[in-house]
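**Q** The lines below spell out each chain.
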Amino acid sequence: MAGTATTGALAAGDGFGPVQPPKINAKKAELGKRLFFDPRLSGDAAISCASCHNPEKGFSDGLALSKAYPGSNGFRNTPTLINTSKRAAWFHDGRLGTNLNDVTRESLTEDYSMNMDMRLMQERAKQDPVYVKMFKDAGYGEPSNGSIRKAIPEYLNTLISTGSPFDKGTMSKSAQNGFELFKGKAGCAQCHTGPRFTDDNVHNTGVPNNPEIWKDPVRHTTFVAFAMFMGIENYMNIRRDVGAHVRTHKADGSDIGKFMTPSLRELKYTAPYMHNGMMKTLEDVVDFYNLGGGDDPTNRDVRLKALGLSDIEKAELASFLKALSGDKLNTEAHVWKGKFPAQYDVIENWRKVRN
Amino acid sequence: MRFKKSLIAMTAFGAVLAMTSGAAMAAGDPDKDAPLAPLGDPPIPADNPQTPAKIELGKKLFFDPRLGGDASTGCIQCHEMEQGWAFSDALSRGYPATVHWRNSQSVINSAYLGKLFWAGSASSLEKQAKSAATGAVAGNGESDVMEARLAFIPEYRKAFTEVFGSEWPKIGDAWRAIAAFERTLIHKDTPVDKYLAGDKKALSKSQVNGMKLFNGKANCIECHNGAQATDEKYYNLGVPPAERWLEDGLAQITFRYELYAKGVTQEMYRKMKDDPGLYFRTKQKRDMGKFRTPPLRYTKYTAPYMHNGAFWDFEEVVQFYNAGGGDNDFTDGTMAKTKTKILKPLGLSDEEVTDLVAFLEAFSGPELKMKKPKLPPYAPLPDVAAAN
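Just so you know, the sequences run in chain order Y and A. In terms of this note's numbering, the first sequence opens at residue 1 and continues consecutively. In terms of this note's numbering, the second sequence opens at residue 1 and continues consecutively.
So here's chain A without its partners, still in its complex pose (with noise of 0.2 Å):
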C-alpha cells in the first residue's frame, strides 16, 4: 500500500520535473522575461483612495506604538526608517519577548507588491497591516483593544470622522489609512531607473557591465524581471536555514509556535526544521522552501537580505547565485526536492562579481526619510451628560 503510494507521488513529480526542465532546455528560459523598465506610480485600490488627510492620519498610525499589544510595538518598530524601513537583523525582532521568524521586508514600494510578506500570505497592504498588528511574535494586538484605544485619541477621533466619516474610529479604517500612507513610500528615483528613461550617465561602466550580466550571463532576469525587478513568483534556492534557531531558545520557541500556528501535520511538526515558505499557503510539497522574489530597489538600505536575513551584503548574495544557490531541507530531500531548476553555477569571475554588485547598488537612490511625526495623546472621554 505504501509503496504505490510513493509511487504514486515519484510519477508526479517527474512529470513536473520533465515540464520545467522541457522548457527550461527549450530556450535556456522557462518563461519570457519582461525586460527591465523604469518605475511607473503604484496601483491604488478602488475601494481605498488616496487623500492628503487620509496619508496623514496612516503616517501618524504608522509610527504609533499603541496599535500593538502592549502598545509598544506598531509597524515601525520592525519597519524603522533609519534601517531602510526594515529591520537590521537576519529575523525581524518581534513583539517583547519573543523574536520573529523571518528578515523584516522594506516598507518601500511594497505599493506595487501583489502580495505581501515572503509567502505572500498577505493580498493588500491593508491586510498585511492587519495580521502583523496582530501576530503573536509581531504586534501581538488584539482587534477591539487598538480600537478602543484610537477612540480615545481625540485627534484621531477627529481625523477618522473626516476620512472615513465614522463616529468612532474603526480598526479596519486604521489598516486603509495606513496602507495609504505606505502607497507614498515610493522609490524611484535610481540611477537604474535614470538609465533606463535614457539618462546614459546614470550607471558607471562596471554598472552597464553589471547591467549586461544580470540580463545574460547570471540570468537574474529570469525572476528579477519587469518594472519592478521582480516576477513575484515563489522559488526555492536553497537558501540555507537561519543560524539563530541552532544558537537561541527564543528563536526555537518561535520556530516551533510557526508550525503550530500556521497549521502543518502532528508528523512534520515533529521534523521541520526549516521554513517551509509557500508550503503553509498551499499544503503542497512541492512549494516547501519556495518564496517571493523581492523587488531590488532600495535594497542598499535594507541587509541582511533573503526570507531569513541569511546574507549581509550584495557580495555574498552574488555568490550565492554564482555557486549555483545553496542547499536546505527542501532541496536535500531531508522534506522535499523543490530547488528551482533556474540556478546553476554561474561562472562568474572576480570582476563580473564587482560588477553585478555595483549594478545591484544601482537600484538605490537617496535614502528615503522624513521627521517623525508626533502622536497625538489619549484624553478622558466627555462624561455622559455632557455628552448627550
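Next up, chain Y with everything else stripped away, as it sits in the complex (with noise of 0.2 Å):
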C-alpha cells in the first residue's frame, strides 16, 4: 500500500515517523543530567553514566566491547541511551522489561557496572550542596537513593532522536531506495519497525561469537559473575554469550543467544554494531544479512535468508541506515557541561544539623 514517494510522511503512514518526545520535568531532567555525568555515583568515584555512554559518540562508547567498572571488563557493546525511555525492555539480552528506574537501579549496583551501594550514593548527594538544593527544587525534598532513581530517567526522557534526513523529508534517492528495499526485499522491516525501527524483540541473527571476551580473563571474569548471578547453569563451562535465556531461562535452551533487536537509530554514532560488536561498519551488517545471517545450529531465526542484493541495493541499504541519524545531542541541553567538586564540602555545624 505504501507508494514510492519518500520522506517522513509517507513513513509515518508505515508506522515508521519520527520519535514523539514524551513530557519532561525541566527541573527532574536537569537532577537527572548532572547525576548521569557524576563519577561519585560510582563506587570508587571512578566512573559515571557517561564513562561508558558518551555523547560524542550517540551515548555509546565506540568499543566492540564495553569498559566496566575497574577490576571488570566488559563482555557486550555499549547500546545508545537515545530513545531509550521508549523501549520495552532493556540491555541486549531484554533482562529488564520494567522500566527506567530498574535499568537505573541495575547500571549502578552491579559490580561490574558501577558497583554502588546506594545508601552511601544517597549520602554522597546529600553532602554536595548543589544537589540539595537541586533535589529540592526538583520537588523531591532532600537527596535520596529513590529520587536519584527517578531524577536520571527523566533525564534520559530529554535523549530522543531529532533532524535526521529521514524525518526531515531529505533523503537522498538512494537511500529513498534502500527504505524500499528495507521494507521489502531485504525484509529488514519484519523486526525493525515503527518509529525507532525495533520490534522490542529478541531473535537469534547468528551474530558470531567474539573471542575477546574468552581470551582477556577479567572479560571472561565478568561474564561469569554475571552468569552466576543470572542463575546459568554450567557457567564455568560456556564460552558463549546465551543472550535472553538469562530472561526467560528456558528448558530447551531454545532463547539461547537471542538479544534484543536494536533500534536503528543514530547508527552514524554508534558503530560498532551488533550486542557484542562484531561488525565495524553499516556495510559489514549489510552483507551479514545479504548472505542470510550468521550460523547458529540451534536457534537461528527461521525468517533469515540470502536476499541477493546487488551492490547497488546493497549501498542503497547502507545509504538508508545513515538517513536515520539526526543530530548529535552534545550540547548543554543534554549534557552536564559543569564540574564536580574534588572534595565534599564539610558541613560546618555537623553537631547541631540534623543528619
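Any given hint might turn out to be false.
With a Cα cut of at most 27 Å, we get these calculated BS3-like pairs of lysine-lysine [stated by the list, open to error]:
(1) K337(A) with K273(A)
(2) K337(A) with K352(Y)
(3) K273(A) with K136(Y)
(4) K158(A) with K215(Y)
(5) K215(Y) with K60(A)
(6) K133(Y) with K271(A)
(7) K352(Y) with K283(A)
(8) K352(Y) with K273(A)
(9) K273(A) with K133(Y)
(10) K305(Y) with K183(Y)
(11) K300(A) with K372(A)
(12) K215(Y) with K285(A)
(13) K352(Y) with K271(A)
(14) K136(Y) with K271(A)
(15) K285(A) with K352(Y)
(16) K352(Y) with K262(A)
(17) K170(A) with K215(Y)
Hints in this document: simulated from the structure, not taken from any laboratory. Keep in mind that this is a model prediction, so the values were computed, not measured.
Taking the hints as your guide, dock the two standalone chains into a single complex.
**A** Right under this line is the structure:
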C-alpha cells in the first residue's frame, strides 16, 4: 500500500515516523543530567554513566566491547541511550522489562557496572550543596536514592532523536531506494519496525561469537560473575553469550543466543554494531544479512535467508540506514558541562544540624 | 501517655544502675577478674582445621587486592604489615573514594577473640573476612565477581582444589583460608608473657611497678584480664567522638551511611552524632556507645588507640583513664547515659603514669613481619573443546 514517494510523512503511514518526545519535567531532568555525568555515583568514584554512554558517540562508547567498573571488563557492546525511554525491555538480553528506574538501579549497583551501594550514594548526594538545592527545586525534598532513580530516567526522557534526513524528508534518492528495499526485498522491517525501527523483541540472527571475551580473563570473569548471578547453569564451561536465556530460562535452550532487536536510529555515531560489536561498519551489517545471517546450529531465526542484493542495492540500504541519524545530542541541553568538586564540603555546624 | 512511658524507662534504668553499683560497692569490683597469664595457643575451629597448604593459600589471598570491588582493596590495605597489621590513622582508610568510620584493629592475635569488629558483629574470622571484603566503605566487593576472579588464577584454582577438594574456587573457602592464615599471626613472645611464665628479669622495675598498678590502683585488670588481657565485654568509657566527623565531608558521608546501612530509627538517623557501637547489634539503648575491650598484646605497633583512634600514644590513653574516662553523647544524656561505673579518677602520679605506660609497652615483643607473597597472575581459561 505504501507508495514509492518518500520521506517521513509517508513513513509515518507505515508506522515509521519520528520518535515522539515525552513530556519532560525540566527541573527533574536537569538534576538527572548532573547525576548522569557525576562519577561520584560509582563505588570508587572512577566512572559515571557517561563514561560508557558518551554523548559524542551517540551515548555509546565506540568500542566493540564496553569497558566496565575498574577490576572488571565488559563482554557486550554499549547500546545507545537515545530513545531508550521508548523501549519495552532493556539491555541486549532484554532482561529488564519494567522501567528505567529499574534499569538505573541495575546499572548503578551491579558490581561490573558502577558497583555503588545506593545508601552510600544517597549520603554522597546529601553532602553536596548543589544537589541539596537541585533535589529541593525538583520537588524531591532531600536527596535520596529513590529520587536519584527517578531523576536519571527523567533526563533519559530528553534523549530523543531529532533532525535525521529521514524525519526531515531530505533523504537522497539512494536512501529512498534503500528504504523500499528495507521494507521489501531485504525484509529488514520484519523486525525493525515503528519509529525506532525495532520490534522490541529478541531474535537469534547468528551473530558470530566475539573471541575477545574468552581471551581476556578479566572480561571472562565479568561474564562468569554475570552468568552466576543470573542463574545460568554450567557457567564455567560456557564460551558464548547466552543472551535472552537469562530472562526466560527456557528448559529447551531455545532462547539461547537471542538478543534484542536494536533501534536503527543514530547508527552513524554508534559503531561498531551488534550486541558484541562484531561488525565494524553498516556495510558489514548489510553483507551479513545479505548472506542470510550467521551460523547458529539450533536457534537461528527461520526468516533469515540469503537476500540476493546487488552491490547497488546494498549501498542503497546502507545509505538508508545512515539517513536515520540526526543531530548529535552533545550541547548543554543534553550534557552537564559543569565541573564536579574534587572534595566534599564539610557541614560546618555538624553537631547542631540534623542529619 | 508519654510521661508514663518515660517513667517506666527511668525505673528500668534505675534498676540496672542499682544492680551494677551495688555489686561494685560490695567488692569494689563488679565481677571476678581472671589474672593476667601467659598466652597459649589460639583455638582452631573444628570445621576449619589448619593445614600448611591452606595457610599458604590464605596468606596470598590476604595480600591479594582482587578480593575487593575494584581489585584495589584487599585485607592488607587496611591491615598493613608495616602499621601493626592495622592502619595508622584514627579512622581506617576505607575503600577508594570513601573513608572508614572506625579504627582498623590489628589482625595479630585476632585468632583468640570470640567476636570480631569493635562491636563484636562477626562471630568468627571467616565471617569477619567476608564482611570486610563486601562492605561499601571497606572492600566493596561482591561475592560473585570475587569468586569469578579466583577461577581465572590458575595457581589459586590448583590450590583450592588441593585444599578444599572443589573443582572451582568457592568464595566461602577463600574466607576460610584467610582465617587459617590469620590464626598463624600469633604474638606471645612478649616481656609480659615471659615474666608471667617465671622469667622475673623480663620486666624492668618500672614495668613491674606498672603491673602492680594495672592490677590494683589503676584497676585496668577489671576489663583487661585473663590470658588475652580482655574480658571481651562491652563498655562505654566516654571516648570523645572522632574529630574527623567535624572536619571532613567524606567522614560525614560515611557516618550517615553507617546509620542508614546498619538500621536505626528515622529519628536516630537524624539526631545521632557519635558511633552507638553495640547498640547496632542489640538495639538496646543501654548498649549505646559500648565497644569491646581490646586485647593489649602488640599494641606498641598499632597506634592510634580506641574504636575511633582518639588517642595517639599510651600516655594519652593512661591519662584518659587517670581522669576517670571522658564524655560523649552516650555519657551526658544527649543520646543515652551508659558510661561504665568502673571508671573513676585514679589519682596516679606522673611516675605512676610512666610506670603504667612502661608496663603497657611490655605487652609487645618483636615486630611480626614477613615477606609479602608474590601474587599469581590471571590467565585465560582453556576453550571448551580443549577443556572437554
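**Q** Does each hint fit the structure? Answer for all of them.
**A** Structure-based check of each hint:
no.: 1; hint: K337(A) with K273(A); verdict: holds (15 Å)
no.: 2; hint: K337(A) with K352(Y); verdict: holds (20 Å)
no.: 3; hint: K273(A) with K136(Y); verdict: holds (24 Å)
no.: 4; hint: K158(A) with K215(Y); verdict: holds (20 Å)
no.: 5; hint: K215(Y) with K60(A); verdict: holds (25 Å)
no.: 6; hint: K133(Y) with K271(A); verdict: holds (22 Å)
no.: 7; hint: K352(Y) with K283(A); verdict: holds (24 Å)
no.: 8; hint: K352(Y) with K273(A); verdict: holds (9 Å)
no.: 9; hint: K273(A) with K133(Y); verdict: holds (23 Å)
no.: 10; hint: K305(Y) with K183(Y); verdict: holds (15 Å)
no.: 11; hint: K300(A) with K372(A); verdict: holds (22 Å)
no.: 12; hint: K215(Y) with K285(A); verdict: violated (56 Å)
no.: 13; hint: K352(Y) with K271(A); verdict: holds (9 Å)
no.: 14; hint: K136(Y) with K271(A); verdict: holds (21 Å)
no.: 15; hint: K285(A) with K352(Y); verdict: holds (22 Å)
no.: 16; hint: K352(Y) with K262(A); verdict: holds (23 Å)
no.: 17; hint: K170(A) with K215(Y); verdict: holds (23 Å)
Checked against the numbered hints above, the structure violates only hint 12.
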